[in-house]
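**Student:** Residues per chain are reported as follows:
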Amino acid sequence: MNVLVLFAHPLSDSYGRAIYDEAVRSLNVEGHDLRIHDLWQEGFDPMLSAAEKHAHFADPEVKTSGDSLLASHVADLRWCDAIVFVYPSWWSAPPAVMKGWFDRVLMHGVAWTFPDGATRLHAGLTHVRRLVGITTYGSSRFVNALEGEPGKSTIRRGLRVLCNVRCRTTWIAHYGLDRSEQRDRELFLAALQRRLRRALG
Amino acid sequence: MRVLVIHCHPVADSYSAELRNAVCDGARSGGHEVRVLDLAAQNFAAVMSADELGRYKAVSSEVSDDLVQHIDSVMWAEVLVFVYPTWWSTLPAQLKGWLERVMRPGVAFVFDERNKVRPGLRQIRHIVGVTTYGSKWLYVKLMKDAGRRTLLRALKLNTTWRTKSTWLPFYGIDGASENERTEFLNRVRKKMEQL
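Taken in sequence, the protein lines are chains A and B.
Residue 183 in my numbering sits at position 183 of the first sequence, with consecutive numbering throughout.
Residue 1128 in my numbering sits at position 128 of the second sequence, with consecutive numbering throughout.
Looking at chain A on its own, in the form it has when it is part of the complex (with noise of 0.2 Å):
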């Protein structure tokens, strides 16, 4: 499949960053085809500007001109079959740098059309099959379920809806981070590349 991989975290010596290189290594050795935007090294701007905002309707060309890495997003969005989002959830979601993917990248005319008369968006996704979100939570599974894990339903509600109809989602997470021990953390690496393939399969 056709692999696009977004990953969130800026520190070099994190449990995050080892996570992403795991599971960027076993979707090669699956065969995939992968391109990655690691979003804190490229310096992605998350903030979707009052220009951006005037120019909601406008073509992606003309929207992405002055800016050839959010050109290089949105073709690389138009690529792929299948997402793979890895970050740590703050606040129980994306980093701020990941939501502004979304609200930048996943713009009218890419992700989503709205036609005259349509009372809600129609998905401009189809061509995508496969979302996995891949997320450590500092706090327990417990809270988490209080707390209605927003990033979880913004990908696997929000935009899943974007995407084609048959398309499967899939959630790996680390619950409890904050204090979680050293074999907890080898255990959910050493399963990442199986869960990577039945996601993907």
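By construction, these hints were calculated from the structure, which means they are not laboratory data.
Values in this document were obtained by computation on a predicted structure and should not be read as measured data.
Straight line, CA to CA, 35 Å or less: simulated DSBU-like cross-link-like pairs of lysine-lysine:
| hint | chain 1 | residue 1 | chain 2 | residue 2 |
| --- | --- | --- | --- | --- |
| 1 | A | Lys-53 | B | Lys-1141 |
| 2 | B | Lys-1144 | A | Lys-53 |
| 3 | A | Lys-53 | B | Lys-1190 |
| 4 | A | Lys-53 | B | Lys-1191 |
| 5 | B | Lys-1191 | B | Lys-1141 |
| 6 | A | Lys-53 | B | Lys-1164 |
We have chain A; now place chain B onto it with these hints.
**Tutor:** For chain B alone, coordinates are given in the frame of chain A:
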């Protein structure tokens, strides 16, 4: 009460800015003290640097200059009012970044000796969310309304059990008439008066 309004919209003359004004007017005429943080106007940097994250857990560590005013305002406030447009069922990236950077250990919460998170926003008596949704109520609920959960659950867990919350949503703004927009502004103003 001391009311802190956190507003986030990139366009200066947006409907969201009118909502911010309605919130401030309402709160002032209700006899409350008001401070406003306008994230887009201040060009607040949403992305935490590697260095900032590296020092995250050291509560006593120096915070970067651009955060000082924001942290002081949060410490000062008894009411937090968030005014923003809902994008992809949750907060705009800039406001999400504000939560990550300002609501840090020592401000919003502390880690106890067992590394568990303990509430730090004990002075906050009320959290209010004022937001616009492009979609209708049913669609928002199907999408599980992530932004509301982030503010009224995840953030609220860091306050006390007595802290109240109010959600003032404007569903379906994409198809709303001028009248409905004005009506909602009045409703927001009134609610803030009666805090």
